[in-house]
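Model the full structure from these sequences, guided by the hints.
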Amino acid sequence: MDELLDVLDLLADSELEGLVTWVFRVLGVLAILAGIGIWLFTEIALLVPLFLVAVGFLLIAVPGLLLEVAELAG
3 MDELLDVLDL
13 LADSELEGLV
23 TWVFRVLGVL
33 AILAGIGIWL
43 FTEIALLVPL
53 FLVAVGFLLI
63 AVPGLLLEVA
73 ELAG
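Per this note's numbering, residue 3 is the first one in the sequence shown, and the count goes up by one each step.
I should point out that these hints are in silico values taken from the structure, not numbers from a laboratory.
Everything numeric in this text was worked out from a predicted model, so none of it was measured.
One or more hints might be untrue.
[Claimed, not checked] Simulated restraints on C-beta separations:
#1 11 with 39: 33 to 39 Å
#2 42 with 17: 35 to 41 Å
#3 48 with 17: 38 to 44 Å
#4 42 with 63: 23 to 29 Å
#5 25 with 50: 19 to 25 Å
#6 8 with 42: 21 to 27 Å
#7 5 with 60: 18 to 24 Å
#8 74 with 44: 41 to 47 Å
#9 44 with 4: 41 to 47 Å
#10 52 with 74: 28 to 34 Å
#11 25 with 49: 24 to 30 Å
#12 17 with 49: 36 to 42 Å
C-beta atoms are modelled at their ideal positions from N, C-alpha and C, and glycine is treated no differently.
Written out as structure tokens, the structure is:
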């Protein structure tokens, strides 16, 4: 866990923090759209699209929170 915080602290010190956050947000939006598309256009059970939507929301929210925690801790 300490190694992860060290990497996040290094990322927070560099100027790439905003870029990495936005890359994860774009991936989250794509996961949400993929989950909705799978739900609407296929006969797959509801579990797979819900999983993709949940992962998408996590990808949107978590990177920003982790970088804020690393900034406060460091």
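For each hint, the structure was consulted:
no.	hint	verdict
1	11 with 39: 33 to 39 Å	holds (37 Å)
2	42 with 17: 35 to 41 Å	holds (40 Å)
3	48 with 17: 38 to 44 Å	holds (42 Å)
4	42 with 63: 23 to 29 Å	holds (24 Å)
5	25 with 50: 19 to 25 Å	holds (24 Å)
6	8 with 42: 21 to 27 Å	violated (43 Å)
7	5 with 60: 18 to 24 Å	holds (21 Å)
8	74 with 44: 41 to 47 Å	holds (43 Å)
9	44 with 4: 41 to 47 Å	holds (43 Å)
10	52 with 74: 28 to 34 Å	holds (32 Å)
11	25 with 49: 24 to 30 Å	holds (27 Å)
12	17 with 49: 36 to 42 Å	holds (40 Å)
Checked against the numbered hints above, the structure breaks only hint 6 and satisfies the rest.
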